[in-house]
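A.B. asks: Here is what each chain is made of, one letter per residue.
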Amino acid sequence: MIDFSIILAGFGGQGILSAGKMAAEAALYEGKEVSWFPSYGPEMRGGTANCSVVISDEPIGSPVVNNADVLICLNQPSVEKFESYLNPGGILIIDSSLFYVEPTRDDIKFIPMEASKIASDLGNMAFATISMLGCMSEATGCFKKESFEAALYEILPERRHKFIPGNMEAFAKGAEFAK
Amino acid sequence: MMAQKKVLMKGNEVIAEAALRAGCRNYFGYPITPQTEVMHYMAKKMVQIGGNFVQAESEVAAINMVYGAAAAGFRVMTSSSSPGISLKQEGISYIAGAELPAVAVNIVRAGPGLGGIQPSQGDYFQACKGGGHGDFRNIVIAPASVQELYELTVEAFNLADKYRMLCMILGDGTLGQMMEPVAFRDVEPIVEPEKPWAACGRGGRAEHNTVTSIYIQPDDLERKNQELVDKYKIIERDEVRYEAIGIEDAEIVIVAFSTCSRICRNVIRQAAELGIKVGMIRPITLWPFPKQIIRDTAALPNVKAFLDIELSAGQMVEDVQIAVRGQKPVHFYGRMGGNLPMQKEILDKIVAIHENPEKEALD
Amino acid sequence: MAVVFEATKGLTGKPFHYCPGCTHGIIHRLIGEVMCELGILEDTVSVASVGCSYNSYEYFACDAVQAAHGRAPAVATGIKRNLKDKVVFTYQGDGDLASIGAAEIIHAAARGEKITAFFVNNAVYGMTSGQMAPTTLLGQVTTTSPFGRDASYQGYPINVSEMIAPLTGAAYVERVTLTDYKNIMNAKKAIKQAFLAQQANLGFTMVEFLSTCPTNWGKEPLEAMDWLKEKMIPQYPLGVFKGEDIDFKKVEADVKAAKEGATA
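Protein chains in written order, with the working numbering: chain P, 1 to 179; chain Y, 1 to 363; chain R, 1 to 264.
Just so you know, these hints were derived from the structure itself, not from any lab.
Beta carbons: idealized from backbone N, C-alpha and C, even for Gly.
Wrong hints could be hidden among the right ones.
Claimed, not checked - Straight line, CA to CA, 27 Å or less: simulated DSS-like cross-link-like pairs of lysine-lysine: (1) Y/Lys129 <-> P/Lys162; (2) P/Lys144 <-> Y/Lys45; (3) Y/Lys195 <-> P/Lys162.
As the list claims (entries may be wrong) - From the structure, some residues in chain Y lie toward chain P, with a derived Cβ separation under 10 Å: (4) Lys6; (5) Thr33; (6) Gln55; (7) Asn158; (8) Met178; (9) Ile276; (10) Pro341.
Isolated chain P (complex conformation) (with noise of 0.2 Å):
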């Protein structure tokens, strides 16, 4: 695999910074090389919230992404000015709990799931990405779901261990809506 890359945008505070982590954290794992790069300065109080993440056998190039392969949205201004970066073939989910709006391109692939829908329904607003990432690996294949459980169990401290469980059931559930 080489630069297989991630793009994940919507308002700051739904957790997109951490999700691009987590998801970095899953393919280091796996002994990939990774890199991760926020939008930062000023956009960031305009309110709106972007990372990329890079996933390679590779040395990564550019850690910033122009051309991705999925791309995970939590609002319609991120699917407005990220959908062109889309390469052809390229995925993109969208938390259809939270906003409709279909992709003007037929070259990619859309998936709209009920990520805040799964996340209330499990109890933590915070497992809607973690249910997206879910999707995105079922997918693409770009990282295991063991390797996800097991990057948790690693970079959380031991009193966070117990919402694993919690996080993991997000996941599978968000990878029903790639089959």
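Put chains Y and R on the given structure of chain P with help from the hints.
C.D. replies: Just chains Y and R, lined up with the frame of chain P:
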């Protein structure tokens, strides 16, 4: 020295961690994007381990606190981004004049003026050609990954102490803001010489120590200048660092540092798929500049042309041209304003040069 | 033969380069004497500034660092933060401290840095040949206020001690002068108190010295003294602006006891 397990960390935080591991117990800074995480990390960790952290009233004050701590004989660091480094140039010149060891980090953003906050390499001239007033040099190191930010920041402290001068880590917004895996060593290779010249109180010494950069008599100052020149020559002889990739059979040789070199690494693979052999010389020290390897490479019969890639209007390329000495055509491609070149843009340039190495070459 | 007087060991003995009638020499000697009397010569680092006293490090027998123009308080901060048990002082003129270094002195005081600033105010730039300083009096003729300082055009003098004293981080601020024996002895006392307050970690300390500059004022030395008394003191009244309530006898005893405790 066993390497520890890789952890995912932000470039800016790794710089701070590396400094602490290098035994630096002094940080003086002033907030500016995109280097603030260096400061945040220091504000917490430096205080926890009993070191000195001061948020100064200005960049000017910060670099002078650096000067004071270094004069007293202690490892010290400051960090900033381009406009802040401009303000620090006064102190950097004094540090050079007084021959004090210190480390300064510049996480470069696009200029001139307030410019923007996105990545740039537009401070190459400022870093490598003096920046402040007077005849002086700084050792300038350009890491290309978070792992290198760690290793070379530790090394920067050793070099600063070895040569009693400022060592600058020249990064950019990309490198500072990105997370990458980094493996820390269990034990750092710290080499810190005695500092008998430090102004730390006589404590029974027969003579009092003075740290100064003023030499009012022309002959005294010229002698001092000559001492610096001699020191710089030794550094140019002994401390040049670079990475050379596939230059033995390259038709086109890229010269790029830091973030640009990362992008070019991928372009080299793509060019190979098109049947074009591209190599790269990646300066790791920007000063001393790796001119000998560039000159030798230019003499290779397989090499048709050089292509310099920068996040600027073309600054390092002047040093590349000097090194090539007209042996082969030199081309330039740069992006400015905070934009990074796309792989395709560089590849298109390579294809064009491959077709005609002379066309659009620099004068 | 009994020695009745000898030069202080706080100074190197190198002849001063200062002009006749200038008070820098007196201040240097007082600081040198106090360093010896307090037994801190071996434990003091001075920070020289830019101005006539740029090379004060050639005269003070303690370790020294030469600072860029106005930056001495920042340099002293960097030193003192590392040498917490040493005494660190800056020696600055009015252009250095009150103009180009205004930010540095205010923030060093605000941070309560345990340093002492010796501020020599002679209402003019000396070394660069007599330009207007922030402390130049209204009506005073200088090379850059050749028609006399005009408030509507060049603004007003800055009373630095009065400005620094209200800062919570400032522990001791006094303005003194050197016009006669009594004032010189008082200046020496202020120097000693500033060092003691620093050693006791009370906070930032500053002594402002009203000084003469016969050369750039265009006056004979004695005329200059009279001018200082008649013109400068009304604008810059002498006295303690901060730390009046400090019991220096007790501070001195405590500092001495702490020192003996450390060596015991």
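A.B. asks: Using the nearest Cβ pair, does Y/Pro341 come within less than 10 Å of chain P?
C.D. replies: Hint holds; Y/Pro341 Cβ to chain P Cβ min 9 Å, cut 10 Å.
A.B. asks: With chain P as the partner, please determine if Y/Asn158 meets the hint condition of a C-beta pair closer than 10 Å.
C.D. replies: 26 Å, violated
A.B. asks: Restraint: Y/Met178 near chain P, CB-CB cut 10 Å. Satisfied or not?
C.D. replies: Y/Met178 check passes; min Cβ-Cβ to chain P is 4 Å, inside 10 Å.
A.B. asks: Could you grab the alpha-carbon distance between Y/Lys129 and P/Lys162 and see if it respects the 27 Å cut-off?
C.D. replies: 56 Å, violated
A.B. asks: May I ask you to test the interface hint for Y/Ile276 with respect to chain P, counting a Cβ-Cβ separation under 10 Å as satisfied?
C.D. replies: 17 Å, violated
A.B. asks: Does Y/Thr33 pass the interface check with chain P, least Cβ-Cβ distance below 10 Å?
C.D. replies: 6 Å, holds
A.B. asks: Would the hint linking P/Lys144 and Y/Lys45 be met if the CA-CA limit is 27 Å?
C.D. replies: 35 Å, violated
A.B. asks: Given a cut of 10 Å on the nearest C-beta pair, is the interface hint for Y/Lys6 held or broken against chain P?
C.D. replies: 7 Å, holds
A.B. asks: Does the alpha-carbon distance linking Y/Lys195 and P/Lys162 stay inside the 27 Å limit?
C.D. replies: Violated, at about 53 Å.
A.B. asks: Taking 10 Å as the limit, does the beta-carbon of Y/Gln55 come near enough to a beta-carbon in chain P?
C.D. replies: Violated, because the Cβ-Cβ distance from Y/Gln55 to chain P comes to roughly 20 Å (cut-off 10 Å).
In summary, the structure is inconsistent with hints 1, 2, 3, 6, 7 and 9 from the numbered list given earlier, while agreeing with the others.
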